[in-house]
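Using the sequences and the hints, build the whole thing.
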Amino acid sequence: MTSSVLITGANRGVGLEFARQYAADGWRVLACCRAPEQSDALQQLGVEIHPLDVADPASIVALKAALVGMPIDLLVNNAGVSGGDHQSFGDIDYTAWEQTLITNTFGPYRMVEAFVDNIAISTGKTIANISSHMGSITHYDSGDEYIYRSSKTALNMVSYNLSIDLKDRGVTVLAFHPGWVVTDMGGPDAPVTPSDSVQGIRRTIAQCGPEKSGAFLNYDGTSLPW
Amino acid sequence: MPTVLITGASRGIGFEFAHQYAVDGWSVHGCVRDPAQAGALRALSGGLVTVHKLDVTRHDQIAEVATILKDTPIDLLINNAGMWIGEDEHFGRFNNEQWMEQFRVHVFGTMAMCEAFVDHVATSEKKLMVNISSGNGCFGWPRDTGDYPYDTSKAALNLITKGLSTDLRDRGITVMCFTPGNVATDMSGPDADLQPGESITGMRRVIAHLDASQTGSFVRYNGEIMPW
Ligand SMILES: NC(=O)c1ccc[n+]([C@@H]2O[C@H](COP(=O)([O-])OP(=O)(O)OC[C@H]3O[C@@H](n4cnc5c(N)ncnc54)[C@H](OP(=O)(O)O)[C@@H]3O)[C@@H](O)[C@H]2O)c1
Ligand SMILES: NC(=O)c1ccc[n+]([C@@H]2O[C@H](COP(=O)([O-])OP(=O)(O)OC[C@H]3O[C@@H](n4cnc5c(N)ncnc54)[C@H](OP(=O)(O)O)[C@@H]3O)[C@@H](O)[C@H]2O)c1
Chain A
1 MTSSVLITGA NRGVGLEFAR QYAADGWRVL ACCRAPEQSD ALQQLGVEIH
51 PLDVADPASI VALKAALVGM PIDLLVNNAG VSGGDHQSFG DIDYTAWEQT
101 LITNTFGPYR MVEAFVDNIA ISTGKTIANI SSHMGSITHY DSGDEYIYRS
151 SKTALNMVSY NLSIDLKDRG VTVLAFHPGW VVTDMGGPDA PVTPSDSVQG
201 IRRTIAQCGP EKSGAFLNYD GTSLPW
Chain C
1 MPTVLITGAS RGIGFEFAHQ YAVDGWSVHG CVRDPAQAGA LRALSGGLVT
51 VHKLDVTRHD QIAEVATILK DTPIDLLINN AGMWIGEDEH FGRFNNEQWM
101 EQFRVHVFGT MAMCEAFVDH VATSEKKLMV NISSGNGCFG WPRDTGDYPY
151 DTSKAALNLI TKGLSTDLRD RGITVMCFTP GNVATDMSGP DADLQPGESI
201 TGMRRVIAHL DASQTGSFVR YNGEIMPW
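From first to last, the protein sequence lines stand for chains A and C. When we follow the numbering used here, the leftmost residue of the first sequence carries the number 1, and every step to the right adds one. When we follow the numbering used here, the leftmost residue of the second sequence carries the number 1, and every step to the right adds one.
Hint data in this document are derived by calculation from the structure and do not stem from the laboratory. Among the hints, erroneous ones may be present.
Unchecked claim - A partial selection of chain A residues facing chain C, derived with a Cβ cut-off under 7 Å:
id, residue
1, W27
2, I92
3, Y94
4, R149
5, S150
6, T153
7, A154
8, M157
9, S223
To be verified - Simulated restraints on C-beta separations:
id, chain 1, residue 1, chain 2, residue 2, range
10, A, G209, C, D193, 32 to 40 Å
11, C, K53, A, V68, 46 to 54 Å
12, A, E211, C, D24, 34 to 42 Å
13, C, H209, A, D220, 40 to 48 Å
14, A, D220, C, G46, 57 to 65 Å
15, A, P225, C, D34, 25 to 33 Å
16, C, G92, A, Q38, 27 to 35 Å
Said to hold, decoys possible - Where chain C lies over chain A, by a calculated footprint (3+ residues, C-beta under 8 Å):
id, stretch
17, 131 to 143
18, 186 to 200
As the structure is a computational prediction, the values presented were derived from the model and not from experiment. Beta carbons are placed, not taken as given, at the ideal position from N, Cα and C, and that holds for glycine.
Structure, rendered in structure tokens:
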């Protein structure tokens, strides 16, 4: 049977590359984005496109209703924002901090809450949360970007907790650092192409079973410290 | 004598910190949401106890207290205010607003206090900032189920503690976080492992020996180092 993958933020960057590679591999791709009518690159892939704003719980619930009963082998929680220009000590924008958490942390959690039944009835039963090594407390030795970093640390804790809560349902939950990738967020000087990042993550997902649930992994499959 | 500023000093761990530092003769600034209810705090004897009205989610109130204390060096800032909503923290049981409230208290509140009081601490002798985190903020800490709002906000608190430790190193400030143990307060209930006296005595012992080499650390009340 064809495997299916649901991807958030699939209209550009890492998310678009996930859609491209899984589509090329013959998967059924449910590509989600905020503005389907403007998603030219995605439309060219010929995949199913669904409107979804992960920061809006009502939008998530509407998608859930549209997909009731459909098995989802893999959920890729990819949509994310960088947190804005005011994230340094003494200049913290607390409103931006809230908005960033709603997208980067609460969004992935709400997606799992909404689609856990679809995932549990699938064969793959896997959730990949696209985090960042910037969420690693161990690696934090500079003192900047508090907003983005804390949203990813909190996302890592969401992943870790989900791995415990969904164990009985056979669901594998993985947190990934995609590398520093050439996208709008990563900028043109990043050393990793979206193609290499997503190939690495896909290979790693294919190799990870339930015994790896709760892991925090680099795109090349090596583990990262919390 | 040194000066300590404590958030959430009305009861539990925050109150016990105020009590023990007062007994030791410190000048204690206890922050509470409702000063009308702070009779026990005011009655503490030993050092000088001053009560301030401060809800850590109200950044205007934080600024007000920082202004009142603008000429007062603060040796030790204890970011203790905290909350937990029990079984409603479990998968599928809380909404984004409940989740955000814990970020406002544990993370934004702590950051806003550090931003507002950094000069007070930098001009003091000891220059210490201590954040009361939790074992729940530690990845790998044994748990049967996720307490999502609490666990994620305490992990984020640990992250900002690490960031603050590097940001404020140049100003000579030591920043660290504690897990106080499982303490018998309103939050954990009367059957918890430790009485507040024992937990706070332990943390005060660690604080008394803190130096710059321990900045950015996560420590149990008894001095054991915690992994992130
Ligand atoms: N690039 C890197 O170097 C790097 C490194 C570490 C981690 N990451 C993580 O990797 C993921 C993808 O990043 P990227 O580099 O591909 O970033 P990007 O090029 O900026 O793309 C971000 C994507 O997320 C979508 N998005 C943002 N907010 C959304 C919302 N509320 N609802 C739905 N979609 C939303 C965007 O949609 P719109 O077009 O509608 O804005 C866009 O599709 C993010 O989680 C990011 O934090 C990236
Ligand atoms: N007890 C434990 O076993 C345990 C374990 C690990 C970590 N902790 C942490 O230790 C700290 C103290 O907990 P506790 O056990 O003493 O809890 P507690 O008995 O429930 O007391 C909580 C304190 O925080 C205050 N507070 C709550 N929200 C506040 C806000 N928005 N602004 C200012 N103050 C606020 C409360 O003030 P009001 O009186 O006005 O409500 C009260 O003083 C918390 O950060 C908690 O997470 C406790």
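Would you check chain C against the stretch 186 to 200 of chain A, counting CB to CB pairs closer than 8 Å, and say if three or more residues qualify? violated (count 0)
At the C-beta level, are C/K53 and A/V68 separated by a distance inside 46 to 54 Å? 50 Å, holds
Holds or violated: the 40 to 48 Å window for the beta-carbon distance between C/H209 and A/D220? At roughly 42 Å between Cβ atoms, A/D220 and C/H209 fall inside 40 to 48 Å, so the hint holds.
A closest beta-carbon separation below 7 Å is what the hint needs, so does A/Y94 meet it against chain C? Given a least distance of 5 Å, the restraint on A/Y94 holds.
Given A/S223 was flagged as interface, is its beta-carbon under 7 Å from a beta-carbon of chain C? With a closest approach of 12 Å, the A/S223 hint is violated.
Given A/W27 as an interface hint, is its Cβ closer than 7 Å to any Cβ of chain C? 28 Å, violated
Given hint A/S150 near chain C, where the shortest CB pair must fall under 7 Å: 4 Å, holds
Lying within 34 to 42 Å: is that true of the beta-carbon distance A/E211 to C/D24? 51 Å, violated
Chain C over the stretch 131 to 143 of chain A, status - at least 3 residues with CB closer than 8 Å: This one holds; 7 residues, not fewer than the three required, reach chain C with a Cβ under 8 Å.
I want to verify a distance hint. Is the separation of the beta carbons of A/D220 and C/G46 within 57 to 65 Å? Distance hint for A/D220, C/G46 holds at roughly 58 Å.
Does the interface hint hold: is A/A154 within less than 7 Å of chain C, judged Cβ to Cβ? For A/A154, the interface hint holds, since the closest Cβ of chain C sits about 4 Å away, which is under 7 Å.
Given hint A/I92 near chain C, where the shortest CB pair must fall under 7 Å: Result: holds, 6 Å to nearest chain C Cβ.
Of the numbered hints given earlier, the model fails hints 1, 9, 12, 15 and 18; all others are met.
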